[in-house]
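Listed here are the chains, written in short residue letters.
2 protein chains.
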Amino acid sequence: MSLLAVGSVSFDDIETPFGRQENALGGSVSYVALSACHFHPVQVAGVVGEDFGPQQERIFEGRPIDLRGLARRPGKSSRWKGSYGYELSEATTLDRQPNVSLDFHPVLPEAYRSASYLYLGKLDPVEQLDVVGQMIQRPRWIARETAACWIEGSREALGRVLREADMLLVDEREARALAGEHNLLKIYRKVQAMGPRILVVKLGEHGAMLLAPEGVFASPAYPLEDVFDPTGAEDAFAGGFLGCLASRKSTEVEALKHATLTGIIMASFAVERFGTQSLEFVTEHDIKRRMRAFSDMTRIDGL
Amino acid sequence: MSLLAVGSVSFDDIETPFGRQENALGGSVSYVALSACHFHPVQVAGVVGEDFGPQQERIFEGRPIDLRGLARRPGKSSRWKGSYGYELSEATTLDRQPNVSLDFHPVLPEAYRSASYLYLGKLDPVEQLDVVGQMIQRPRWIARETAACWIEGSREALGRVLREADMLLVDEREARALAGEHNLLKIYRKVQAMGPRILVVKLGEHGAMLLAPEGVFASPAYPLEDVFDPTGAEDAFAGGFLGCLASRKSTEVEALKHATLTGIIMASFAVERFGTQSLEFVTEHDIKRRMRAFSDMTRIDGL
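Protein sequences appear in the order of chains X and E.
Its first residue numbered 1, the first sequence is counted upward by one per residue in this note's numbering.
Its first residue numbered 1, the second sequence is counted upward by one per residue in this note's numbering.
Don't take every hint at face value.
[Claimed, not checked] Taking lysine-lysine and the DSBU-like style, the derived pairs with C-alpha atoms no more than 35 Å apart in a straight line are:
1. X/K288 / E/K186
2. X/K186 / E/K190
3. E/K122 / X/K186
4. E/K76 / E/K186
Keep in mind that the hints were calculated from the coordinates and are not lab data.
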């Protein structure tokens with residue numbers, strides 16, 4: 001029941017009203033892997049440059065994270081520079097350098113090709129199709145994260161990937177752009193017609209909503225007094241979600257709810273420090289304690 | 001343990017992308033009373049003009065709603081005209097006529113002056129102080145709804161009312177304007193320093209958050225496919241919240257959580273039809289069924 005995450009690894013320069021950090025390890029699969037590995041082993045596929053060295057490798061070391069699918073190329077890893085305003089809700093991209101990721105096509109190691117859970121990060125839909133085509137058998141569960149730019153740019157390829165996917169993970173804005181609807185239940189109907197049986201919509205500081213044929217599950221975010229850096233919150237959510245699901249070996253609605261909650265909790269850790277730092281240092285004990293606190297917080301007895 | 005609601009009764013012209021309605025009964029206390037009366041008797045104080053006739057009285061008739069405090073004045077009731085865009089998130093006010101409510105000062109009937117639960121609608125803080133001063137003894141529980149215009153306009157009177165209030169009910173935008181903070185936990189600290197022990201922040205389509213010294217309780221909104229008219233959703237929430245609290249005769253944290261959930265459910269009914277129509281026709285059976293469905297939706301077993 002292996003979990004494979006395909007996407008970007010990058011170096012980020014991040015500025016928030018509370019500080020700045022240069023050269024932080026980032027990219028969707030870094031966050032997904034460092035979040036999911038607390039629950040289940042993860043195989044990672046992507047590309048890095050020569051600047052990805054022992055310092056970065058150490059971050060993944062000693063965890064059930066398989067980096068054999070992380071290609072090394074001459075040149076620099078992709079870089080992103082962004083800043084957040086006071087509301088911390090959306091980053092302004094100041095600079096983006098694809099570097100080695102430009103024209104890179106992931107080739108999956110043999111050991112990766114039978115993964116049961118496949119996460120496709122914000123790649124071009126054409127790349128995503130190519131990855132799906134490399135699998136020996138169709139994974140039981142394909143989750144994909146989308147991005148507004150792909151939604152607008154390559155509708156046709158997107159349609160073909162969606163037909164392969166069991167689940168679509170998007171944020172509120174992407175969901176609306178994809179379906180041309182505002183209401184989430186109406187969006188879900190349209191997404192189901194495109195392929196995915198499950199839709200998870202991340203609502204940022206308002207939590208997440210899981211839409212499944214069996215019903216709707218909505219969860220608020222874990223309330224935090226100090227949000228430090230929202231970068232990677234959605235990927236940390238995705239990692240917690242998929243890691244939990246893979247470890248439970250089930251995609252029943254109770255497992256999906258539990259996975260949503262796990263995603264919420266992992267996202268809450270991710271935003272407490274710069275980059276992936278919180279995900280690196282958080283312990284199983286911290287995670288369990290926050291899960292219990294959150295469960296108490298949202299539960300009403302005697303109804 | 002009586003519940004007294006002081007605020008506006010008006011006639012509304014409402015336009016949404018799904019239709020329009022003229023002369024709908026509106027105003028904060030109409031929604032609060034028609035929502036709260038499903039759980040507990042309500043005393044209403046406000047003012048109406050000669051256009052408030054048998055047709056409007058019939059809406060309140062046969063329910064535990066006391067209209068003795070609803071003053072009748074020569075002239076027209078206050079009127080509001082607003083429209084909503086596709087997202088249904090915020091109304092654009094097209095016209096507002098205070099009419100008889102201009103320079104009106106509520107005088108509470110003797111029977112109202114010992115209420116244990118007092119709801120102060122979006123009145124000017126000076127009016128709110130005047131109402132509090134008419135009570136024989138300080139109510140056990142004063143809830144107040146605020147409005148961005150008062151927050152900006154009359155800081156000093158607002159401070160004096162807040163010192164009297166046990167709870168403050170606001171929407172997200174008002175909370176931020178009041179405290180000059182974005183983060184809800186930080187806002188709560190500032191609100192506590194102003195007086196209220198409890199803060200309830202309504203998050204529109206994202207539900208509500210209850211902040212109490214015992215902890216934080218967040219609830220998503222009840223997911224609806226068809227939101228028809230958001231007018232009065234917040235007042236319906238307030239009515240459900242206070243009606244539930246008054247009926248439980250408790251302000252312990254479990255009662256507060258239950259009240260928040262009741263508010264969420266009443267708001268979900270309110271938006272399904274124009275004006276107060278849904279609140280008029282909803283039955284105890286409908287409310288119980290939706291409460292149970294929502295409880296199932298948000299509960300995760302075995303954590």
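These are the hints, each one checked on the structure:
1. Between X/K288 and E/K186 the CA atoms are separated by roughly 25 Å; this keeps the pair inside 35 Å, and the hint holds.
2. With a CA separation close to 39 Å, the supplied pair X/K186 and E/K190 exceeds the 35 Å bound.
3. Straight-line distance between C-alpha atoms of E/K122 and X/K186 comes to about 34 Å, which keeps the hinted pair within the 35 Å bound.
4. Restraint check for E/K76 and E/K186: the C-alpha separation of about 43 Å exceeds 35 Å, so the hint is violated.
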